[in-house]
Amino acid sequence: MLRPIVEFCISNLANGSQRVLEQLEKDPNLDIIEYGCLGYCGKCANTLFAMVNGDIVTAEDVEQLVERVYAYIEENPMF
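Per my numbering, numbering of the sequence shown is gapless, rising by one per residue and ending at 81.
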């Protein structure tokens with residue numbers, strides 16, 4: 003079974019998404035990956051974000067990003 007892939011930029015982790023990564027890592031149904039850079043510097047500098055199955059998900063705060071990651075996965079199942 004394929005698991006959703008959630009990718010994080012290390013710079014965005016330093017800007018606040020580290021807590022999101024820590025929460026999502028507890029979910030055994032997700033593959034979490036950290037990269038040095040995902041190439042979304044404009045988003046990285048201005049908002050929290052994660053790449054979910056290749057698409058960018060953004061939020062204003064940690065709780066919202068966790069919710070949006072799960073909502074994205076729910077709305078876009080991998081078959």
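Please keep in mind that the hints were generated in silico from the structure rather than gathered at the bench.
A few of these clues could be false.
Each pair of labels, with its calculated beta carbon distance range [what the hints assert, rightly or not]:
#: 1; residue 1: 25; residue 2: 79; range: 29 to 37 angstroms
#: 2; residue 1: 47; residue 2: 3; range: 30 to 38 angstroms
#: 3; residue 1: 4; residue 2: 28; range: 28 to 36 angstroms
#: 4; residue 1: 47; residue 2: 21; range: 16 to 24 angstroms
#: 5; residue 1: 47; residue 2: 7; range: 21 to 29 angstroms
Model, not experiment: these values are computed from the prediction.
The beta-carbon is built from N, C-alpha and C at its ideal position, and this holds for glycine as well.
For each hint, the structure was consulted:
1. 25 / 79: 29 to 37 angstroms: 21 angstroms, violated
2. 47 / 3: 30 to 38 angstroms: At 36 angstroms between Cβs, range holds.
3. 4 / 28: 28 to 36 angstroms: About 20 angstroms separates the Cβ atoms of residue 4 and residue 28, which means 28 to 36 angstroms is violated.
4. 47 / 21: 16 to 24 angstroms: At 18 angstroms between Cβs, range holds.
5. 47 / 7: 21 to 29 angstroms: Holds - the Cβ-Cβ distance for residue 47 and residue 7, about 23 angstroms, lies within 21 to 29 angstroms.
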